[in-house]
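Participant: Spelled out, the chains give:
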Amino acid sequence: MSDKALYLDYEYCSGCHSCEIACRNELGLGLDQWGIKVIEEGPRQLPDGAWHWNYLALPTELCDLCEGRVAKGELPACVLHCQAKVLEYGTIEECAAKLAAKGSKAAIFAP
Amino acid sequence: MAEWKTEVDGETIVRSCCWSPPGCHPVGCGVRLHVRDGKLVKIEGDPEHYVTKGALCPRGLAGLEYIYHPDRIIYPMKRAKEDRGKDKWERCTWEEALDLIETNAKAVIAEHGAESILVFGGTGREANYYYSLIAHVVFGSPNSVYAQSGWSCYGPRCTSTGFMMGGGYPEIDYAQKFADRYDHPDYKAPEYIILWGKEPLKSNPDGFWGHSIIEMKRRFGTKICSVDPRITWLGTRCDDVIQVRPGTDTALAMAMLNVITGEDLVDHDFIDKWCAGYEELKERVKEMPPSKAAEICGVDEEQIIRVARAYATARPGSIGWGLAVDQNPNGVQLGQCLIAMMGITGCLDVPGGTILGVVDPAQVQMDASQGIALRYGIMDEAMWNKRIGTDTFPAMTSFIPTAAPDAVLDALETGIPYFPHMGFFSSSNVIGAAITAAPQRWYEALKKMDFNVVTDTFMNPTAMALCDVFLPVASYAEHNAMVLTHYGFNASFFGAVNKAVQVGECKSDVEIMLEVGKRMHPEFWGQYEDDTAYNEANGLNGKLTWNELAQAVTIPTEEPYRKYELGLLRADREPGFASPSHKLELASSLYAYFGDDPLPYYKEPPYGPISTPDLFEDYPLVLTTGARTYVSFHSEHRQIPSLRQVVPDPLLDIHPTTAANLGIGEGDWVWIESPFGKCKQRAHVTATIKPDVVHAMHGWWFPEEDGEEPNLYGNWKSNINVTMPHKVNGKMGFGDCFKNNICKVYKVEE
Chain A
0 MSDKALYLDY
10 EYCSGCHSCE
20 IACRNELGLG
30 LDQWGIKVIE
40 EGPRQLPDGA
50 WHWNYLALPT
60 ELCDLCEGRV
70 AKGELPACVL
80 HCQAKVLEYG
90 TIEECAAKLA
100 AKGSKAAIFA
110 P
Chain B
0 MAEWKTEVDG
10 ETIVRSCCWS
20 PPGCHPVGCG
30 VRLHVRDGKL
40 VKIEGDPEHY
50 VTKGALCPRG
60 LAGLEYIYHP
70 DRIIYPMKRA
80 KEDRGKDKWE
90 RCTWEEALDL
100 IETNAKAVIA
110 EHGAESILVF
120 GGTGREANYY
130 YSLIAHVVFG
140 SPNSVYAQSG
150 WSCYGPRCTS
160 TGFMMGGGYP
170 EIDYAQKFAD
180 RYDHPDYKAP
190 EYIILWGKEP
200 LKSNPDGFWG
210 HSIIEMKRRF
220 GTKICSVDPR
230 ITWLGTRCDD
240 VIQVRPGTDT
250 ALAMAMLNVI
260 TGEDLVDHDF
270 IDKWCAGYEE
280 LKERVKEMPP
290 SKAAEICGVD
300 EEQIIRVARA
310 YATARPGSIG
320 WGLAVDQNPN
330 GVQLGQCLIA
340 MMGITGCLDV
350 PGGTILGVVD
360 PAQVQMDASQ
370 GIALRYGIMD
380 EAMWNKRIGT
390 DTFPAMTSFI
400 PTAAPDAVLD
410 ALETGIPYFP
420 HMGFFSSSNV
430 IGAAITAAPQ
440 RWYEALKKMD
450 FNVVTDTFMN
460 PTAMALCDVF
470 LPVASYAEHN
480 AMVLTHYGFN
490 ASFFGAVNKA
500 VQVGECKSDV
510 EIMLEVGKRM
520 HPEFWGQYED
530 DTAYNEANGL
540 NGKLTWNELA
550 QAVTIPTEEP
560 YRKYELGLLR
570 ADREPGFASP
580 SHKLELASSL
590 YAYFGDDPLP
600 YYKEPPYGPI
610 STPDLFEDYP
620 LVLTTGARTY
630 VSFHSEHRQI
640 PSLRQVVPDP
650 LLDIHPTTAA
660 NLGIGEGDWV
670 WIESPFGKCK
680 QRAHVTATIK
690 PDVVHAMHGW
700 WFPEEDGEEP
710 NLYGNWKSNI
720 NVTMPHKVNG
730 KMGFGDCFKN
740 NICKVYKVEE
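Residue numbers (numbering that gives the first Met the number 0), protein chains in the order written: chain A, 0 to 110; chain B, 0 to 749.
Rather than coming from a laboratory, the hints here were simulated on the basis of the structure.
Check each hint, because a few of them may be wrong.
[Stated by the list, open to error] When the alpha-carbon atoms are kept at most 25 Å apart in a straight line, the in silico DSS-like pairs for lysine-lysine are as follows: (1) A/71 / B/4; (2) B/38 / A/71; (3) B/187 / A/84; (4) B/726 / B/716; (5) B/291 / B/602; (6) B/222 / A/104; (7) A/36 / A/104; (8) A/101 / B/222; (9) A/97 / B/222; (10) B/52 / A/84; (11) B/222 / A/71; (12) B/52 / A/101; (13) B/201 / A/104; (14) B/201 / A/84; (15) A/36 / B/41; (16) A/71 / B/52; (17) A/97 / B/52; (18) B/52 / A/36; (19) A/84 / B/41; (20) B/201 / A/36; (21) B/52 / A/3; (22) B/602 / B/285; (23) A/101 / B/187; (24) A/84 / B/222.
[As the list claims (entries may be wrong)] Partial selection, computed: residues in chain B whose CB lies under 7 Å from chain A: (25) 44; (26) 53; (27) 54; (28) 55; (29) 56; (30) 210; (31) 213; (32) 230; (33) 232; (34) 235; (35) 629; (36) 644; (37) 645; (38) 647.
For each residue, glycine too, the CB sits at the ideal point set by N, CA and C.
Whenever a hint applies, use it, and build me the whole structure from the sequences.
Facilitator: Next up, the structure:
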């Protein structure tokens with residue numbers, strides 16, 4: 000089992016879909032598959048009037064955290080191309096530290 | 000820094016900056032193009048690009064699907080004039096295509112004069128740089144045409160800037176001109192940004208790297224206000240969203256100036272030294288207290304005051320102004336207000352404020368074209384004066400070297416002042432849903448032309464309906480070129496677009512211009528052996544060889560701040576601004592010279608509840624259009640599978656209450672009908688838009704449908720521009736109703 004993970008600051012994931020297409024290019028997937036998929040939650044107005052609207056870039060079972068790229072010293076394709084630079088790669092421990100530092104609206108995925 | 004070209008495991012990797020095609024504005028995002036056996040096998044973001052740092056948008060990432068798409072046109076084609084509208088294209092050689100263009104153009108010139116040739120451009124693609132050159136210097140015609148009613152994209156903002164102060168295009172400072180970016184010792188991040196009628200994440204407008212907004216927000220905690228009729232995702236991350244009634248923005252901006260001047264939140268040193276007309280402006284905006292604007296705009300008075308104070312007291316504040324400034328007949332007054340807000344708060348061209356560009360005329364090639372044509376005798380003054388629309392639209396045509404778009408449609412329809420006879424569509428899908436108002440009228444009028452040429456990458460409605468010769472354009476990966484953000488008006492860097500592969504017989508915009516130019520005016524164009532020679536002599540202005548730029552990939556301009564102090568805004572290099580008084584003219588002498596008010600004023604949108612109450616009873620919704628998506632650029636990319644999957648259909652945003660009243664559910668096809676025309680899109684029911692406003696997408700056609708007449712790839716099905724009126728512009732001729740029309744919406748009954 001890998002001790003690596005993806006950290007996502009979903010406060011600022013802009014839902015641009017770059018990760019999806021970068022991942023498909025890397026894994027050679029067709030249109031019916033995703034190695035990472037952007038999930039949209041909202042937009043919806045909360046009882047206090049504030050807006051709830053989050054995107055979540057969610058890795059799937061096909062994600063191998065770009066083992067091949069990482070072995071060559073490159074970043075995973077989704078991390079490199081993320082326009083908002085909200086996806087990061089590291090050990091589970093490193094990612095947990097980032098999550099702790101951020102404190103809210105962040106997640107770690109160990110696919 | 001990595002070499003610009005490396006060999007790894009049998010692959011050549013070329014570092015480059017992408018521009019177009021496929022379309023985008025000149026942002027010049029960094030890419031690494033992987034080539035194997037002469038074919039692109041992968042496109043990646045370039046982690047060493049100092050602005051984009053490896054990030055790449057879906058359009059960039061889907062590049063292979065575009066470049067090697069089976070429907071892409073990669074050889075020249077011709078078609079008999081009587082077969083227009085039919086899929087009877089035949090492949091031909093470049094020689095044959097060029098022969099046809101030369102023969103027909105020379106015949107048209109002999110019979111009707113060079114002025115009867117129209118060269119169309121648009122979109123923000125690289126072709127934008129060259130269409131005026133093609134008109135003026137290749138054909139000797141004064142009539143380059145950006146066909147959007149009221150020149151309502153970028154032109155109005157540039158004109159307001161040019162009239163009031165000169166100095167390129169004001170842009171948010173995201174340290175884009177410095178190689179060390181945010182670490183540059185002179186840099187300070189904006190504390191507060193107003194995004195006015197602009198959603199930069201999706202639009203990357205004119206060279207602004209949109210996601211830098213997120214970068215600054217995360218890194219520096221920059222506060223943001225979005226002025227937008229819609230709550231966008233970015234809006235939900237903003238400190239304020241002013242959900243303005245479409246087209247009323249000038250009232251809002253005047254009210255903010257009312258607060259800023261009334262509460263004396265201004266920089267008196269800057270005003271005393273560099274501005275003219277402050278007292279007059281202060282007096283004028285007294286007419287628009289926040290309470291009045293709140294009523295006009297349908298927003299909260301307190302919010303106007305709060306945002307005005309937050310912006311004016313930020314050190315510094317910055318403004319990103321968007322397309323909504325242009326697509327408004329009252330827009331040049333809005334531009335005036337926003338420039339005043341940048342100036343009087345002391346936030347103009349200071350670190351973290353709204354920065355200006357050093358304009359080097361040699362780099363702004365679309366401005367230099369008529370001068371070249373006149374100097375080389377390709378056009379004489381009499382010919383230049385035949386430019387269509389100079390009489391009706393003098394403010395526009397004195398500043399912008401094209402014909403006036405609305406006057407061109409009039410000429411095509413009426414023959415006044417004369418009938419045009421030939422069209423050259425330089426990557427411009429004129430009858431599509433992305434540029435002209437009333438495209439159905441342009442379509443009928445352009446059918447009468449004797450001869451039409453199109454340069455593009457895919458067959459599209461304009462090419463299929465109207466054209467006789469199709470010249471295939473090379474994508475950014477297939478040619479050498481230079482990219483300057485803001486077309487050079489406010490450049491962050493010189494960027495190299497480095498050729499990695501050849502596809503079919505495609506040629507770049509410059510190569511096409513050279514080829515046709517050598518046929519029409521070899522005495523001028525013969526001096527350039529190829530595109531590299533042309534780029535070195537012109538874009539690079541002799542300062543840099545092509546190889547130097549190619550290898551550097553990006554060369555930041557490293558321009559200093561406060562250019563007005565340093566004499567960098569004026570041609571004579573004296574301090575001050577490039578206005579008649581050499582001040583920032585808050586009361587503009589050039590606005591007055593061209594018959595407009597020197598000071599900003601508010602005017603209701605031409606159609607709406609106040610201006611046309613009777614009509615509004617039948618068309619009771621305000622229609623705003625054209626918000627961008629991540630997966631298309633205007634009418635491009637509809638045939639790219641992984642992009643179309645993300646947004647498969649044209650969508651109309653409609654509020655749940657309004658939808659319920661009309662019996663409309665999510666995904667229903669609905670008619671959107673204005674007094675001028677109708678089309679259908681699918682309802683997207685969302686509370687992010689107010690109940691009395693709907694938003695429709697632009698740029699829709701259906702490449703998968705029958706391309707022949709009358710269907711033309713479904714060009715008329717969802718074409719929102721058919722609902723737009725022709726020639727409804729402001730006093731100086733700018734602005735249109737693309738963002739402030741009226742309509743009714745009802746379910747499509749099968």
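Participant: Please go over all the hints and tell whether each is borne out by the structure.
Facilitator: Results of checking the hints against the structure:
1. A/71 / B/4: 18 Å, holds
2. B/38 / A/71: 23 Å, holds
3. B/187 / A/84: 21 Å, holds
4. B/726 / B/716: OK: residue 726 of chain B and residue 716 of chain B at ~23 Å, within 25 Å.
5. B/291 / B/602: Holds, because 13 Å separates the two Cα atoms, which is no more than 25 Å.
6. B/222 / A/104: 18 Å, holds
7. A/36 / A/104: 18 Å, holds
8. A/101 / B/222: Roughly 18 Å between the alpha carbons, so the hint for residue 101 of chain A and residue 222 of chain B holds.
9. A/97 / B/222: 23 Å, holds
10. B/52 / A/84: Between residue 52 of chain B and residue 84 of chain A the Cα gap is close to 9 Å, so the pair holds against 25 Å.
11. B/222 / A/71: Not satisfied, since the Cα-Cα distance of roughly 39 Å exceeds 25 Å.
12. B/52 / A/101: 23 Å, holds
13. B/201 / A/104: 22 Å, holds
14. B/201 / A/84: Holds, because 15 Å separates the two Cα atoms, which is no more than 25 Å.
15. A/36 / B/41: 21 Å, holds
16. A/71 / B/52: Holds. Residue 71 of chain A to residue 52 of chain B sits at ~18 Å (cutoff 25 Å).
17. A/97 / B/52: Distance of about 21 Å is within 25 Å: holds.
18. B/52 / A/36: Distance ~22 Å between residue 52 of chain B and residue 36 of chain A Cα, so the pair holds.
19. A/84 / B/41: Status holds; Cα separation ~21 Å.
20. B/201 / A/36: Holds, at roughly 19 Å.
21. B/52 / A/3: 23 Å, holds
22. B/602 / B/285: 16 Å, holds
23. A/101 / B/187: 24 Å, holds
24. A/84 / B/222: This hinted pair holds, its Cα atoms lying about 19 Å apart.
25. 44: The hint holds - residue 44 of chain B has a Cβ within 7 Å of chain A, the shortest such distance being about 5 Å.
26. 53: For residue 53 of chain B, the interface hint holds, since the closest Cβ of chain A sits about 4 Å away, which is under 7 Å.
27. 54: Since the shortest Cβ distance to chain A is 4 Å, the answer is holds.
28. 55: 5 Å, holds
29. 56: Since the shortest Cβ distance to chain A is 6 Å, the answer is holds.
30. 210: 4 Å, holds
31. 213: Hint holds; residue 213 of chain B Cβ to chain A Cβ min 5 Å, cut 7 Å.
32. 230: Holds - the Cβ of residue 230 of chain B comes within 7 Å of chain A, reaching about 6 Å at its closest.
33. 232: Where the cut-off is 7 Å and the nearest Cβ of chain A is about 5 Å from residue 232 of chain B, the hint holds.
34. 235: Since chain A brings a Cβ to about 4 Å from residue 235 of chain B, closer than 7 Å, the hint holds.
35. 629: 5 Å, holds
36. 644: 6 Å, holds
37. 645: Given a least distance of 5 Å, the restraint on residue 645 of chain B holds.
38. 647: Nearest chain A Cβ about 11 Å off; hint violated.
Violated hints, listed in ascending order, are 11, 38; each of the other numbered hints is respected by the structure.
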